[in-house]
Amino acid sequence: MKSSKTLVLLAMLVLAISGCIQNTAETGNQIEKPGKITVTDFAGRNVTLKKVPERVIVLTGYWAEILHILGLDDRIVGIGTYVPGDQYLPEDVRQKPAVGSSFKGGFNWETVASLEPDLIIADWYGGKYMDEEIIEKAEEIGTPVVALTAKSVEDNVEVVEILGKVFGKDEEAEELSNWMRNKLEEVDQIASQIPADKKKNVLVISAPKGLSGPVTVYAKGSAWASIVELVGAHNLAFDKEFDTQWPKLDLEKIIAYWGESADVVIVVSFNQEKLEKAVNEIKNDPRWKEIKAVREGNVYGILAGTKFGHFLDWGPRIVVGVYQFGCAIYPEYYPRWQNVADELLSFYGMGFNRTVVDTEGREVKVPLKVERVVVLISQVAEMMYCWGEFDKIVGITRYSKDNPLLVKLTSVEEIPAVGSGRDPNVEAIISLKPDVVITYGGEYGYSTPKTVIDQLEKAGIPVILVELDSLDEVYQTIEIVGKILDRENEARDMADYVERTVALVKEEAGKIPEDKRVKAVWLWSKPTKVTGNSGVTNDLIVNAGAINPASEVEGKYVEVQLEKIVAWNPDVIVIWNSARYEPEDLINDPRWQDISAIKERRVYKQPALLSDTWSIRVAVLQAWLLDKFYPGRIDFESLANEFFEHFYGVSYEELEKEVK
Amino acid sequence: MNRKLVLLFFLVSPILSFFFTLCIGAYPLPLSAIVHIIAAKILEIVTFGRFTLDLNYPPVYETILFQIRLPRVITAMLVGSALAVSGAVLQATFRNPLVDSYIIGISAGAAFGAALAIGFLPASVEVLAFVFSMVAMFLTYTLARISGKVTVITLILAGIIINAFFSALTSLLKFLMEHEKLAGVVYWLMGSFATANWNVVLRVAVPVIAGCIVVHLMRWHLNVLSMGEEAQILGIDVGKMRVVYISVVSLMTAAAVAHCGIIGWVGLIMPHIVRMAFGPDHKSLIPLSIALGSTFMVLADTLARSIATYEIPIGILTTLLGIPFFTYLLRKTRGGGWNA
Amino acid sequence: MLKVEGLSFSYGDFTVENVCFEVKDGEILTLLGPNGSGKTTILKNVYGLLRPKKKCVFVDGKDFPSLSLKERAKLAGYVPQSHHPPFPYTVLDVVVMGLTSQLSVFESPREEHYKRALEKLRLLGMERFKDRPYTQLSGGQLQLVLIARALIQEPRVLLDEPTAHLDFKNQVKILGIIKRLTREEKIAAVITLHDPNLASVYSDKIALVKEGEIKAVGVPREILREEILREVYSVPVQIFELNGFRVVMPVMEVTI
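Residue numbers (the numbering used here), protein chains in the order written: chain Z, -18 to 641; chain E, 1496 to 1835; chain L, 57 to 312.
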């Protein structure tokens, strides 16, 4: 019942909207009689089709994407030269025979004819390139052509509707065009909220080949150029008249025209590397610094084209491009464009996100390209450092300043602290616009409260919960963080290395005969607070082949009577690194004198560099314990040096000197 | 019941519980060994070392008894009497049967000092806890005098303010702390005798015994001081006397709290029990509070360390034992005055 | 002998101006006046609990308020108007507190001190209450205990505000006892009353107090006059004479 009602409503809506379009659209399309379809294309031609096309050649990827969304993959029989590069299209479409392009290399009409198309979808550039020729030739062989273009963002919506009409897929087309319109309306609304005194002057350029120019400027007539106005800013190039929408100007001219007025420069490129390079060079070039926006550091790159993750292009993806412009020019007004991208890509049947399952078993959607991360666990930040991803951290736990390794090796103190796992500053995190927040799960004192997670998720920020309180959890976290950062190989290596180290220790420990095993206790903040039968430290003691006599007591940290420790008579005593007493304090204490570990002077304080059982360094701590329990079993020094060298690029020995 | 007999029982109870608790602990010591070792020790002390018995026990037995149990038992007894005496003194001074030594900010100050030491400063917990409990006490008194005259009301109000102030500071420190250190602070706040050794005994004993002696000598004047401002017409300088009493008991409790953490309800309840059994006259109230406080504390500590394999923080135990008792008192007096 | 010469005091808006009177040993002087007229303030100034502006109170010629609290406690007994018991001390314990001034701070009262307390209780007919918690006494009995506490060290001067919360029987009883004791022990007593008839019967001298000023001092026969009482109490009164005492009656303004 409900679904049929919805259908009726939808049908009425579609009718109402199509009515509007007929009245308002410049290039309106009418139905002449049943079976016959007539549309007016962007070249102003009336195209009449006898029936719904069955065999279509589509010359560009962005329009092919619309056909793909409308469920018309199987009607595409031929494609343009560049369509195979469109990563938004399914593989089978990209493998269709290519017939040529409007630009270069001409057109293989023989192939066209052999494909027996009943429609060719081509671009219209006002007759500038080969567009006119293609139409003429096609008509000669009796194949109708629909010529499409996008001089404005709005044009792309219309293309969707025209194609819907052509293929009798109005409903599907309306769904997409409605979404596009809604999103653009939202942009309109946001733009209208921007006060006049905050209106920014923007210049949109293509990533230049050489810094001296010539530089392609997006001017009047370019849909991308119009986006600037759409998001509420002013495109400076609109103040001048050029003979093309893409005038090439040298740097001198650009400085002369707009040097003092440009607040923001947006650089556009089809290639990520080129774009990053261009933005970097522009920012640091003394000549470009003549431009106000460059001086003030307001140069932003936006990726265009058909590579996955690039959105600025004709076709539906331009809507995301609009939000990208909005976020670049007015970050304080526009929501995360990644969420818009995700909505759009659901039409394509893909996600812009990948789904990561965290240690709580929550399925969390995380952007494929994570660029900004808030890390509320310093040990995770450490992993990111090992993979060269540290610069992606935009916000970090305030406890990171207590992590000797991060302080020593990174510029962690310059990263804004946003509270800690148990008390994050939600507003600060949201204002950093992270792609993902990684924090501590579970229900411990240091876990992030559920309410905070809710707030972050409501703000559209994915939250990944991990735990690190056992080796297994550490491995799991390595895998999860690796997946988020697209460092799965490195993550596997890391987990393997850590696991290997622990396995080595266990193997050596396994060789100790039962009667030679030492009794070892781990002491916490005070000498009578011991590790009981659970927790990482108990595992570590057992893994290293010792007996923890305190395991008769339940718990991770338990307070016992001193005489109990005397009764246990441990052979080795290990003191927690942050404890405020030293081995000497116990050795000099008459109450401890009868304990074997005291008599034998086998009391050790956990080294500062190995003080963290949540870090991968726990593997080295494991080895250290074995070395203290059974000296000479392993070459601890070289094991530790290699481990630190491998992950942190500095040997254990060297670091130890500096941390102390 | 024979009042004299009860009185005698109260007065000797510390001695009984002292020997009783010496026999209890996690290390399995045979009772005969304990008796032998203690007897030998007493003999040695009494004869100034001229007679020694050669006992064939492992040396660890003596360590357990004299280095571990004895200091702990003594510390518990000292702290118990310190808290009970200061409770009694402050209840008289403030004319209010519901105060204990924490009302003047001692515990809040000590907690702050301990948190500071555990989390941030390289100073000993005991020293900072002591220093800040005295600072808190001093601030309470200064604040109470802000309106010119120290009255019971201004003192209690000032106590509330200073308690709140230091609690807030402690919360701030706890907020800034790593969770491992935080656990240390939380544990300290719950109180424990686990770290007691002879140094602790010495540092607690000096102020506590001195304080007990002074208070015992001055005990009868507490009757007069409890009359409030009216005590002036009986010939004593109320303001000065209050300062003397409060300073003495602050010193005692600060020393106790600094070493053993915050142990609640002992100071509140022990004087009550004595008052119910023997009347409010401080001539008897003070010595009986000392006896009962030390007995109660050493027994509670024995309970704390022998209920389970791990130790239950003594502060939790005294509170859990104290609250039912207090409820009983409330019921018995029908929530009305404690005077009726 | 107590002599007050020009006592002045002010606290905020409230002032006591130029109070003068003299009480001989064995004599009772009553400060008579309506509530809030300053009777208690004058009494507290006399004892030195409040500080008068200049030297003006003399007991046997000594400048009384400048003496230490201890010396003052030895010379003068003070019975406060209201008393809030903190703990249920026994009657004997309370009376013995009157001897505080004779003990050093490290001393507790001994057998002899308790004996003296018991004697005072006997004098006031309260001996049988000695072990009773004084919180369980009636208002009149409590008053007697506090008088016993004030008299235990044989003071030269008694300052008392005896009858504020008592019923008629107890007022008469306590005033009778005060009268007897002052005569027998040769104590100079200053008491406060607001009933002119009680003052007329028990006083040797009356000082009429209004708004912090003494309007008149003298023997009851001279002081209890219609005009002056009307001025002090702001109500019309008539004076009758009965058995040599002056009786003050209100003038009924409504006819029945």
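Derived by calculation from the structure, the hints in this document are not laboratory data. You may find that some hints are simply not true.
Think about it this way: if two alpha-carbon atoms lie no more than 27 Å apart in a straight line, the pair counts; the simulated DSSO-like pairs of lysine-lysine are [as the list claims (entries may be wrong)]:
# : chain 1 : residue 1 : chain 2 : residue 2
1 : E       : 1778      : Z       : 638
2 : L       : 171       : E       : 1778
3 : E       : 1669      : Z       : 586
4 : L       : 100       : E       : 1827
5 : Z       : 431       : Z       : 492
6 : L       : 111       : E       : 1644
Here are some chain E residues the structure puts well away from chain L; computed CB gaps all over 10 Å [as the list claims (entries may be wrong)]:
# : residue
7 : 1506
8 : 1698
9 : 1715
We put the CB at the ideal spot given by N, CA and C, even for glycine.
Okay, the hints, checked on the actual structure:
1. Taking the CA atoms of residue 1778 (chain E) and residue 638 (chain Z), the gap is about 65 Å. The hint is violated against a cut of 27 Å.
2. Annotation: proposed proximity of residue 171 (chain L) to residue 1778 (chain E) holds, straight-line Cα distance about 17 Å (limit 27 Å).
3. With a CA separation close to 25 Å, the supplied pair residue 1669 (chain E) and residue 586 (chain Z) stays within the 27 Å bound.
4. Only pairs whose Cα atoms come within 27 Å are accepted, and residue 100 (chain L) paired with residue 1827 (chain E) is rejected, the gap being roughly 40 Å.
5. Distance check on the hinted pair: residue 431 (chain Z) and residue 492 (chain Z) sit about 46 Å apart at the alpha-carbon level, beyond 27 Å; violated.
6. Taking the CA atoms of residue 111 (chain L) and residue 1644 (chain E), the gap is near 23 Å; set against the 27 Å cutoff, the hint holds.
7. For residue 1506 (chain E), the shortest C-beta to C-beta distance to chain L comes to about 17 Å, beyond the 10 Å cut-off, and the non-interface label holds.
8. For residue 1698 (chain E), the condition that its CB be more than 10 Å from all CB atoms of chain L holds, with the nearest at approximately 26 Å.
9. A Cβ of chain L approaches the Cβ of residue 1715 (chain E) within 10 Å, the least distance being about 4 Å, so the stated non-interface status is violated.
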